[in-house]
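Put chain B on the given structure of chain A with help from the hints.
Here the protein sequences come in this chain order: A and B. Using our numbering, you'd call the opening residue of the first sequence number 1 and step up by one each time. Using our numbering, you'd call the opening residue of the second sequence number 1001 and step up by one each time.
Careful, some of the hints might be misleading.
Said to hold, decoys possible - Sample of chain A residues at the chain B side, in silico, Cβ under 10 Å:
no.	residue
1	T77
2	Q78
3	K141
4	F150
5	P154
6	F166
7	H168
8	C194
9	A198
10	R201
11	W213
12	F309
13	G316
14	T317
FYI, nobody ran anything at the bench for these hints, they're computed from the structure. Every residue gets a Cβ at the ideal spot worked out from N, C-alpha and C, and that includes glycine.
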Amino acid sequence: MCDQKKTDNKEEQQKDLAEAMQEKSSRRSFLKGLSIGAAAVSATLVTGCVPSADAATNEELRLRWQEYFKKNYRLMTQEEKDQTVSRLERLATLREGLEVQIGSEPPVKKVLYGYAFNITRCEGFMECVAACIKENNLDRKTNTQYIRIFEMEPGKLDPSEGDGKFFHEVPVENKFYMGTQCFHCENAPCTKACPTKATWREPDGIVVVDYDWCIGCRYCQAACPYFGRRFNWGKPEVPKEEVNVKQHYLGNRLRPKGKMEKCTFCIQRTRKGRLPACVEACPTGSRVFGNLLDPDSEIRYVLKHKKVFRMKEELGTEPKFWYFID
Amino acid sequence: MNENREKNLRTFIVDVIRWNFRGSIAFQLFRLVLIGCMALGIYAYSHQAKYGLAVTGMNDIVSWGFYISNFTFLVGVAAAAVMLIMPAYVFHDPNFHRVVIIGEGVAVGALVMCLSFIMVDLGGPLQAWHLIPVIGIFNFPSSILAWDVLVLNGYLLLNSLVPAYILYCHYKGRKADERKYRPFVFLSIFWAFSIHMVTAFLYQGLPARPFWNNPLLGPRFLASAFAAGPALIALILAVVHTATPYKIDRSVFNKLRLIIVISAIINLIMLFSEIFKEFYFPTHHSISAMYLFFGMDGHNSLVPWIWTSVCVNLAATLVLAFNPGKNNPKVLLPACGFLFVAIWMEKGIGLIVPGLIPSPLGEVVDYLPTWVELSVTLGIFALGITVVTWLVRTALIIEDRYGK
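Extracted from the complex, chain A is given alone in its bound form (with noise of 0.2 Å):
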């Protein structure tokens, strides 16, 4: 219901805003429009972000003020990332009436994450899609999927010959599915890339960005072979009563717009010794996921004794994805 008022809301937004466009070409209206502009950039430059139409109160001022001055994620004490976990938690409450909870959990030690896909087993029913969408906080309004699922021809192993928009009853006859997401390159393109160290591999080989470092260049998008990233063209909207207040500051926590975010093996669960939400959704069993450096790993055990390929091996991005076959 919400939802719905929501959307409409937003349709009428951008009437409105047709309309003032049109308006454009009366002189009046055009400067009018240039003094918004401008006392919106100089209002931008205070609060370090567009403020909407509510009165902010100064404590929220005064919160944002801090966070845009902050650091990035890596060079921050314990104590730092206390304090902006607090005031992200703050600033949720203020502007959203949302009690989150934002964890900051280190990776554990000899850890390593390995995940592995059964194609053979995959039916494409993408419940670990939706799982994924619930769990990770996805813009439902542009409808962000870190996940893919591709409906393929027998004979073919490359998704990119694969459909990736099916939307029938599956599974069908004489085909099979392949999911894609980010793979947690060891030797990734998109963190090289990066300008300003927002992106990185955390030693528990999760590929993670600092939502709050990201300048929102896209280079890194460019840069991944895998079409794993995704960027927050406007501001992403999750309906309140959907939002996961269980977050993690590396992981999925609401983003603000103009930055980059992608899978990050649902670390809010997995550093917690849970199992990402699309392996936990899936209901054949397709999904493995595991610590590499444990030899009595259900991973380790699949990439033993199944016959296992990696995406585009040729890259030499050494993804920490593999496929397998029954």
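Chain B alone, transformed into the frame defined by chain A:
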């Protein structure tokens, strides 16, 4: 001494501003049009700042569009100033010495536009300070974008400070000390090549994008820049020659024509070599070129664009090479204009957009810039033209007085 100098610097700045507010009615109108364009650009950008880059035509597949296309092309225009600097300072050609200052003005204008295009393309322009070394983090030398920031700003400094020093000396009525600025001139020659090579490496270094991941990209950037840049400079010189008392020797135009023709021919040879490689034995890596030249899955918005560019480019190069009007400026100048536009089409949108199509997972979409992108771009072009007119006007007045 120091106080005296400072006073002069102040009058220098005041004079520059004063000169730039005077001018004929037509010139004032021209300025008004430029200001109008910039105002439109600011209005469109305020819209973008409010709603995010969602108001542009870009998406997760075509993640770079009109802004980055124009940026890439203009880096070439900036680099092309070296084609005046080299004959003037290295080979001591007296006629080029008279016009080199105009070339440097064009380079500064082009660089201002480049940096503006980068700024408007950022999703978080307010976080741009994260790029500044010491207060931010500069991912050097790993990120080619960090290199690009370095070389573009360095080139902007070199190209503004050397002419500023020379002009300031001339303003004070004394000869500029060549020993002081000569090292910087040589540095800027080296730097001009580096800005365009580094910008090419930005794309060339991405194995994810086979259309760009091509060792010919850097050299081709240079060749196309040394054709398009001097073509633009020739047009600007023609305007200066007709609209101001500052006369430019015919030999400058003849030499520029030679530079343009040779560069344009090298550019076309390299283009042909690329097309041959993509289509003689098409592989997976040729899909972007296929999309660009012939369209794919019903998506073919770039097909007329690129063929227009190639045909105009060929025709203009032939006209400049065979010179059918026997040095008639009414033939050569339009040819320069057409060549400039053809290279802008090919090296801007024609290079950036197909590099991103299809996506690494094979999806094909079309890209069209929105009114926001077009207006912001227009505004930035107006800004660049304003900068060039200010600099050139100042330079011409000072040089004219110094010459007397």
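Each hint tested on the structure:
no.: 1; hint: T77; result: violated (16 Å)
no.: 2; hint: Q78; result: violated (20 Å)
no.: 3; hint: K141; result: holds (9 Å)
no.: 4; hint: F150; result: holds (7 Å)
no.: 5; hint: P154; result: violated (17 Å)
no.: 6; hint: F166; result: violated (13 Å)
no.: 7; hint: H168; result: violated (18 Å)
no.: 8; hint: C194; result: holds (6 Å)
no.: 9; hint: A198; result: holds (7 Å)
no.: 10; hint: R201; result: violated (13 Å)
no.: 11; hint: W213; result: holds (6 Å)
no.: 12; hint: F309; result: violated (17 Å)
no.: 13; hint: G316; result: holds (8 Å)
no.: 14; hint: T317; result: holds (8 Å)
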